[in-house]
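Q: I would like the entire structure built from these sequences, with the hints used as guidance.
Protein sequences, first through last, are from chains A and B. Letter by letter, the first sequence follows residues 1 to 320 of the numbering used here. Letter by letter, the second sequence follows residues 1 to 509 of the numbering used here.
Simulated from the structure, these hints should not be mistaken for laboratory data. Fair warning: this is a prediction, and the values are worked out from it, not measured in the lab. One should not assume that every hint holds.
Just so you have them, the derived chain A footprint on chain B, three or more residues with Cβ under 8 Å [stated by the list, open to error]: (1) 90–96; (2) 102–116.
Below, in silico cross-link-like pairs of lysine to any residue (SDA-like), each with a Cα-Cα straight-line distance of 20 Å or less [said to hold, decoys possible]: (3) A:Lys-305 - B:Glu-93; (4) A:Lys-318 - B:Ser-14; (5) A:Lys-250 - B:Ile-138; (6) A:Lys-310 - B:Glu-93.
Think of the CB as a built atom: it goes at the ideal place given N, C-alpha and C, for glycine as much as any other residue.
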Amino acid sequence: MDLIIQLLDTTVRLSVPLLLACLAGLYSERSGVFDIGLEGKMLGGAFGAAAIAATTGSAWLGLLSGIAVAVALSLIHGFASITSRGNQIVSGVAINFVAAGLTVLLGQSWFGLGGKTPQLPKTARFSPIELPFAEAMADVPVIGQIYVELISGHNILAYVAFLMVPLTWWVLFRTRFGLRLRAVGENPAAVDTAGISVVWARYRAVIICGILCGIAGTYLSIAQSAGFGRDMTAGKGFIALAALIFAKWKPVNAMFACLLFGFLEALDIRFQGVELPIIGVIPVQLMQALPYILTVILLAGFIGKAIPPKAGGIPYVKER
Amino acid sequence: MSEYAIELKGINKSFGPVRANHDINLPITQGTIHGIIGENGAGKSTLMSILYGFYQADSGDIFVNGDKMTIPDSQAAIAAGIGMVHQHFMLVENFTVLENIILGAEGGNILNRAIGNARKELLQLEEDYGLTVDPDAIIEELPVGIQQRVEILKALYRGAEILILDEPTGVLTPSEADHLFKILRQLKDQGKTIVLITHKLREIMAITDNVSVMRQGTMVATRKTSETSVADLAELMVGRRVLMQVDKGDANPADVKLAVENLTVKDSRGVSMVDDVSFEVRAGEIVGIAGVAGNGQSELLEAIAGIMPAETGRVLLDGEPINVTGGADPALLREKGMVHVPEDRHHMGLVLPFEEYENSILGYHNQEQYLSGAFLNIDAIRADAKEKIEQYDIRPPNPRLKTANFSGGNQQKIVLAREMEQDPVVLLIGQPTRGVDVGAIEFIHKRIIEMRDAGKAVLLVSVELDEIRSLSDRVLVMFAGKVVGERSPETSEGELGLLMAGVEGQAAE
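A: Pasting the structure below:
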């Protein structure tokens, strides 16, 4: 029982950045702007958050800075793909490279620690929050244990991530903004002829994508860890992208997909180097590749066709 | 209130060197159905796009209900009470009917209330105009006729008093079209003004009060429908172009080289574009296919050339059947001696960024004389290109020039030289002189006649009636996907025009 709860607790922790990045991609791609630069934006956000938290000693200023960096990168992607009608894949790849290089370069020149940021004190990080009644519930079997270990004791960004799921659903399907955002990703000409600006709708989606990536990066560098390390996102942006496809661009599915991928990662950490009966030691590489393998297998027919937003990846050009 | 719902004065619009609208004046009376008719490319859609704020006119004034307006975007047009039903529907296919209707006119940040209101209003509209639609149906699951109804409701929901319909019947079955007309009459009875853009004369006669005819970017006439006739309109539409005389002797038709039997071609929506067409082309004759653009000629040509799969029917090349239904291989057909000069040389005939010599062998690059081992023999290809440039008087005579930098006429000659020099059995040729200057036209016409005299079977598709009449030995007229008649090229333009307009039956009565 303890083992399972521990495993699930790790799962939740590891899914948070995936979930934030996945929802970020969801906004962008639902509006018709494909984004493989999630990784780079997260990395930029992580660096921005850690650097400012280290210099000011404030986690909240760190968060703001992380968001600012990621939004700035988003706007570059937006400018390239919406205003200049460039290739969205190329722009996304470029952002990944720029973020990977610049974070290390700036980190070295500012802190001189080989691309790392200084170790952050507890006060400059987001700490776990004890939810009310955790003390009292601790003795209740099972339910108490789940409440204390699994639900309570995460930092605020983790709660934000999971609250974003119903919020995103509501925004997408219950507000005017969401209706237009989805429409612009399916048939921008219909939006244009209805007298709405396609460009502005897409920019707004891209900015939200930046904000969420910034929070994801902040979570990595100043909540989960105590500082920025080179390439600390380690492909999470791509796993988030896989989760997005896996989830067919739907918010609630996205949460489950991210939890599943988080769970695989948790398994990997828990059983690294452990001799299992019959199977023996599972190679690390296999576990790390599992999310991708799973995505490919499931997409190949188990969950049916994943149909992306119809206008995704296509710059909108007004023509008749 | 002004007498006119819309009045356009002196509208000009050019796209690069092309004058899409030239000094257009158009008054549209309140509460009438006003038809705008003209061939494809006559500038009708451009004009309406200007009215709907999709394009800006280069010059000219727009008056709506007597007030001078500028319409910088669709929002402004909607605000002025103008609604548009586009030829290609502007609907989000995986949204519900209701979501599509409120898009852009939600009336609040939160959808719940907006959807509730829209549902009520929709019921009212349905009652007023008999436009029944299930508000919760998903668009892509609805037939096109209903989708169009959603487009009309969209406009009415936004309070449109003036409704523009761009080629609304193009995608409809005849009974759907009749239903649409019923709806339009009802809208008119309720005081709406309707502008109907079409190239179908039958529709104009059936439903409009007034009609304006456009030709090559100009407005040639505005008439009361009751005071005009189909023949009148057909002539105005096609126009009397300068007749070009081509010297040619009598044809000596020999064996059948191309036989088309019961060919039917459907487009992606399942509408028959070519409907049970049969004919033959013999060696040494030119068979011309006349028709108003969009009546299936393009599809016929593409199906025979193996580009577009046919639904049913057979095509025999030199007595040998080719697999037109299962997707014939155009490369194989070329090898067998059927060459094709496509209607749209930019889209299908040439790779514009290539140098001239590359285009001069495109599709024949696997022939031995152009190869040395596994590689292209560039020297041989360039020498060959030089020869064709001389023979076809392609200017400037430079095989290294980028193809995009040649004029339209010279580009066409590059395609013609490539295809004609293959010594074909059958020559398929579409719109040979579209966008070609006068000098080149004469040259191209001569070449086509020479091909005939050399014993080739030539199938010519053109929307230029003069071209058809001066080149062909036999003329087939297509209307709505069917061959509606065969005439000799000496037949009068008026008679051919009537056939092209699909009113043969009425003319006989």
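Q: Take the hints in turn and mark each one as holding or not.
A: Right, here's what the structure says about each hint:
no.	hint	result
1	90–96	holds (count 6)
2	102–116	holds (count 11)
3	A:Lys-305 - B:Glu-93	17 Å, holds
4	A:Lys-318 - B:Ser-14	16 Å, holds
5	A:Lys-250 - B:Ile-138	18 Å, holds
6	A:Lys-310 - B:Glu-93	9 Å, holds
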